[in-house]
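Kindly generate the complete structure, drawing on both the sequences and the hints.
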Amino acid sequence: MDVSGIASDMSGLASGAGGLIASAFVVAGYTMRTMIPLRIVGIITNVVFIIYALSHRNYPIVALHMILLPLNVYRLREMLVLIRNVKRSVNSNLSMNWLKPFMTERRCQPGEVLFYKHERATEMFYIVSGRFRLVESGIELPIGSIVGEFGMLSPDNERTQTLECIEKGVVLGVTYQKVEELYVQNPEFGFYFLKLVSARLFQNVGKLEAQVAALSGKPAS
Amino acid sequence: MKLPVDFRLLKERYLGEASRKPWIAENRFAELAPYLQPDAAEIVRSAVTSLMVYQDPDYALLYLSRVGRYAGPGKEPCAFLTALASRMDTRMRYIDPPSIAQVALLEGGDAGRRASFCLCDLAGLLPPNAADTALQVMSYLRLSQRAIVLRFSRAGEWKRRWTKAWALLRYARTYSRRAKIENAWVERWLHMIDRVRSCQPGAVVEMVQTADVVRGSGADYHRDLANWNVIVDRLVKPVCDGTTAPLDLAAALRVVLNAVSDHPEPAVLEGQIARLIATQPLQRQTA
Numbered sequence: 001m002d003v004s005g006i007a008s009d010m011s012g013l014a015s016g017a018g019g020l021i022a023s024a025f026v027v028a029g030y031t032m033r034t035m036i037p038l039r040i041v042g043i044i045t046n047v048v049f050i051i052y053a054l055s056h057r058n059y060p061i062v063a064l065h066m067i068l069l070p071l072n073v074y075r076l077r078e079m080l081v082l083i084r085n086v087k088r089s090v091n092s093n094l095s096m097n098w099l100k101p102f103m104t105e106r107r108c109q110p111g112e113v114l115f116y117k118h119e120r121a122t123e124m125f126y127i128v129s130g131r132f133r134l135v136e137s138g139i140e141l142p143i144g145s146i147v148g149e150f151g152m153l154s155p156d157n158e159r160t161q162t163l164e165c166i167e168k169g170v171v172l173g174v175t176y177q178k179v180e181e182l183y184v185q186n187p188e189f190g191f192y193f194l195k196l197v198s199a200r201l202f203q204n205v206g207k208l209e210a211q212v213a214a215l216s217g218k219p220a221s
Numbered sequence: 001m002k003l004p005v006d007f008r009l010l011k012e013r014y015l016g017e018a019s020r021k022p023w024i025a026e027n028r029f030a031e032l033a034p035y036l037q038p039d040a041a042e043i044v045r046s047a048v049t050s051l052m053v054y055q056d057p058d059y060a061l062l063y064l065s066r067v068g069r070y071a072g073p074g075k076e077p078c079a080f081l082t083a084l085a086s087r088m089d090t091r092m093r094y095i096d097p098p099s100i101a102q103v104a105l106l107e108g109g110d111a112g113r114r115a116s117f118c119l120c121d122l123a124g125l126l127p128p129n130a131a132d133t134a135l136q137v138m139s140y141l142r143l144s145q146r147a148i149v150l151r152f153s154r155a156g157e158w159k160r161r162w163t164k165a166w167a168l169l170r171y172a173r174t175y176s177r178r179a180k181i182e183n184a185w186v187e188r189w190l191h192m193i194d195r196v197r198s199c200q201p202g203a204v205v206e207m208v209q210t211a212d213v214v215r216g217s218g219a220d221y222h223r224d225l226a227n228w229n230v231i232v233d234r235l236v237k238p239v240c241d242g243t244t245a246p247l248d249l250a251a252a253l254r255v256v257l258n259a260v261s262d263h264p265e266p267a268v269l270e271g272q273i274a275r276l277i278a279t280q281p282l283q284r285q286t287a
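Top line first, the protein sequences correspond to chains V and F.
FYI, the numbering for the first sequence is 1 to 221, going by my numbering.
FYI, the numbering for the second sequence is 1 to 287, going by my numbering.
Think of the hints as simulated: they come from the structure by calculation, not from any bench.
Since this is a predicted model, take the numbers as computed values, not measurements.
Ideal placement from N, C-alpha and C gives every residue a C-beta, glycine not left out.
Treat the hints with caution; some may be incorrect.
Computed far set for chain V versus chain F, every beta-carbon distance over 12 Å [what the hints assert, rightly or not]:
hint: 1; residue: Tyr-30
hint: 2; residue: Val-62
hint: 3; residue: Leu-80
hint: 4; residue: Val-135
hint: 5; residue: Val-170
hint: 6; residue: Arg-200
hint: 7; residue: Glu-209
hint: 8; residue: Ala-210
When the alpha-carbon atoms are kept at most 25 Å apart in a straight line, the in silico SDA-like pairs for lysine to any residue are as follows [to be verified]:
hint: 9; chain 1: V; residue 1: Lys-178; chain 2: V; residue 2: His-118
hint: 10; chain 1: V; residue 1: Lys-117; chain 2: F; residue 2: Lys-11
hint: 11; chain 1: V; residue 1: Lys-178; chain 2: F; residue 2: Thr-90
hint: 12; chain 1: V; residue 1: Lys-178; chain 2: V; residue 2: Glu-136
hint: 13; chain 1: V; residue 1: Lys-117; chain 2: F; residue 2: Arg-178
hint: 14; chain 1: V; residue 1: Lys-117; chain 2: F; residue 2: Glu-182
hint: 15; chain 1: F; residue 1: Lys-11; chain 2: F; residue 2: Tyr-171
hint: 16; chain 1: F; residue 1: Lys-75; chain 2: V; residue 2: Ile-36
hint: 17; chain 1: F; residue 1: Lys-21; chain 2: F; residue 2: Thr-90
Right under this line is the structure:
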């Protein structure tokens with residue numbers, strides 16, 4: 001009985017099975033609907049392919065997956081950090097600081113208008129420095145506040161006030177499209193995002209009720 | 001040509017909703033028409049048609065949504081809507097190379113059209129980020145204000161192709177830096193109309209008429225645009241903000257509009273406005 005022949009056959013089978021398993025993970029990856037499972041399957045696929053390609057000394061494939069592996073890990077971590085931050089925000093101060101990594105910086109000069117009343121809303125802003133005023137109501141927005149988050153969910157998608165820069169400053173902007181992408185790619189983020197925006201809306205309603213009560217002299221219900 | 005549904009969805013995803021059909025804009029106009037005066041309705045109808053030719057039905061819908069801020073269920077009829085609707089149509093169909101090429105293609109004769117632009121206007125056809133970089137390079141080379149004359153004609157095979165190629169750029173117009181600037185201009189104009197309406201309602205018609213200041217293309221357009229900004233920044237806005245002595249804005253705007261018909265340089269106009277503000281309270285006191 002030729003033992004070396006059987007061993008050679010077995011190693012051939014094992015390496016063939018390795019290729020099949022790696023391919024199965026590629027197929028599984030394509031069936032994923034949302035980002036986190038896709039990244040996890042992507043990472044497993046990368047590891048399996050690296051082992052498989054190393055055993056066959058196929059170095060271009062090894063190099064390809066060595067590049068893809070950290071990329072998948074980075075994106076997965078980014079998504080998990082985002083969800084953690086949104087969750088924390090919902091449970092604490094309702095801040096939207098977690099959006100900062102997805103925002104782009106914009107420098108504003110005095111007199112510059114970021115958006116006009118009735119204009120179609122396409123992005124929200126985070127005020128980093130400078131002074132900004134809502135023209136119609138005359139309210140000056142403090143540093144660290146977010147403007148325009150409700151425009152994304154409002155049915156008519158229109159600005160309700162005009163925002164003007166009154167002292168040189170910097171804002172961070174993120175388009176609704178970017179938030180929509182995060183929302184669609186990640187249902188868990190979407191759920192917490194809705195919770196957060198609703199909480200901010202209820203907070204505003206509460207403030208208004210308190211103001212109405214103060215004006216009418218009755219306690220808010 | 002009708003694209004398969006997947007391609008249409010992709011087109012809609014990456015090129016916006018410009019694939020909307022003209023009947024959507026026409027239906028929106030039909031909803032709005034009962035709230036418009038007959039002359040205003042006629043202007044809006046013709047504007048919708050011309051804006052669909054100029055850009056696409058979505059652009060006409062944007063126009064209608066802007067008109068809808070002043071007319072519609074539960075809104076007081078505006079006396080100045082006729083003046084506003086025609087001027088907004090003119091400003092939304094701003095002159096750029098694709099628009100001149102479109103006109104040359106639509107016109108019957110072979111005479112063609114020519115228009116003068118600055119090199120910065122050609123850079124303005126690019127998306128904002130690319131245009132900003134191109135403009136920085138042009139400014140460094142001191143080329144941004146250099147005039148360039150573009151000729152468009154249907155006479156001859158190559159001239160027709162050249163004109164058609166420029167006219168095709170209208171599909172990219174929505175994403176251009178110029179479109180962003182023009183959109184901001186119209187919004188600022190409407191915003192100032194609203195502010196004047198609340199602080200000095202008698203000056204609304206004059207504020208609407210300030211749109212006539214911005215005309216043409218090339219160097220003339222840039223000068224007129226700068227003049228308009230001077231009028232708003234030095235006269236209208238300070239009056240609405242209450243940072244200047246109270247004055248009769250309608251009378252002041254009439255004087256300024258008269259002065260601007262001579263196409264002065266922005267610095268000259270600024271001086272005229274400063275003198276006007278200095279003398280206007282005295283005029284009111286003596287009146």
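Tested hints:
1. Tyr-30: 17 Å, holds
2. Val-62: 35 Å, holds
3. Leu-80: 27 Å, holds
4. Val-135: 8 Å, violated
5. Val-170: Its Cβ never comes within 12 Å of chain F, the nearest being 17 Å, so this holds.
6. Arg-200: Label holds. Min Cβ-Cβ 26 Å, cutoff 12 Å.
7. Glu-209: Since the minimum Cβ distance to chain F is about 26 Å, Glu-209 of chain V lies beyond 12 Å and the statement holds.
8. Ala-210: 28 Å, holds
9. V:Lys-178 with V:His-118: 22 Å, holds
10. V:Lys-117 with F:Lys-11: 30 Å, violated
11. V:Lys-178 with F:Thr-90: 34 Å, violated
12. V:Lys-178 with V:Glu-136: 28 Å, violated
13. V:Lys-117 with F:Arg-178: The hint holds at about 21 Å.
14. V:Lys-117 with F:Glu-182: At roughly 16 Å apart (the allowed maximum being 25 Å), Glu-182 of chain F and Lys-117 of chain V satisfy the hint.
15. F:Lys-11 with F:Tyr-171: Cα-Cα ~12 Å, so holds.
16. F:Lys-75 with V:Ile-36: Distance ~49 Å between Lys-75 of chain F and Ile-36 of chain V Cα, so the pair is violated.
17. F:Lys-21 with F:Thr-90: 23 Å, holds
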